[in-house]
Amino acid sequence: GESVGLHLPTLSVQEGDNSIINCAYSNSASDYFIWYKQESGKGPQFIIDIRSNMDKRQGQRVTVLLNKTVKHLSLQIAATQPGDSAVYFCVDNAGNMLTFGGGTRLMVKP
Amino acid sequence: SQTIHQWPATLVQPVGSPLSLECTVEGTSNPNLYWYRQAAGRGLQLLFYSVGIGQISSEVPQNLSASRPQDRQFILSSKKLLLSDSGFYLCAWSQGTSGGYEQYFGPGTRLTVT
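Residue numbers (the working numbering), protein chains in the order written: chain A, 834 to 943; chain B, 7 to 120.
To be clear, the hints were calculated from the coordinates, so they are not data collected in a lab.
Predicted model only: the values in this text are computed from it and were never measured.
Careful: at least some of the hints might be erroneous.
[Claimed, not checked] DEER-style ranges, computed between Cβ atoms:
id: 1; chain 1: B; residue 1: R48; chain 2: A; residue 2: V903; range: 24 to 34 Å
id: 2; chain 1: A; residue 1: S907; chain 2: B; residue 2: N69; range: 37 to 47 Å
id: 3; chain 1: B; residue 1: P20; chain 2: A; residue 2: Q891; range: 46 to 56 Å
[Said to hold, decoys possible] Partial selection, computed: residues in chain A whose CB lies under 10 Å from chain B:
id: 4; residue: Y865
id: 5; residue: I867
id: 6; residue: Q871
id: 7; residue: D882
id: 8; residue: G916
id: 9; residue: F922
id: 10; residue: V924
id: 11; residue: N926
id: 12; residue: T932
id: 13; residue: G934
id: 14; residue: G935
id: 15; residue: G936
id: 16; residue: R938
id: 17; residue: V941
id: 18; residue: K942
id: 19; residue: P943
Just so you know, even glycine gets a beta-carbon here, dropped at the ideal spot from N, CA and C.
Build the full structure now, drawing on both the sequences and the hints.
See the structure below:
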């Protein structure tokens, strides 16, 4: 079936560097995407979203890029901090459903 | 502002015992409500969702059930727990009944079935 998946299970970056987390999706009809951050033992936290009529959206230290041609999303985190350590989910929101992939674990080295 | 509560935070139950997890939302009306389960190191699996009082849709057949007795209350239940029911249970809410609305998650309940 249709699914949202992530390229890498774990990403390790140095504190202060930029992080890029990639995500591929397979549902060509998807028109809304969300990035969630989940810290250990907590519920997912909304970070940023993007609709299919956009190819870029910026938030505070985060940027999401959407390439509909190749069905690819990325989340860029600028000046990564220890508090950014978490699992990041790229989520396809179609109808009432969210399709979660396995997530990418971001580890920030001091 | 809206808040979502779940309790208990952690629960250890023996196989065959009943289960009741509760979720409540404050600060909004007529939300869509969702129950998810997350296995260790995995993504979230949608179990149930509700668009209104008494309206429950099941996504995965299992020995769990859900109920929505009030607009902002969502309950996950089981009559007899299985070992495979262990996991992290998350409740979420969203506005609207069509796509394009972010979901906001509660703090979760860690269930261990022994």
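Honestly, which of those hints from before does the structure not fit?
Of the numbered hints, 8, 17, 18, 19 do not hold.
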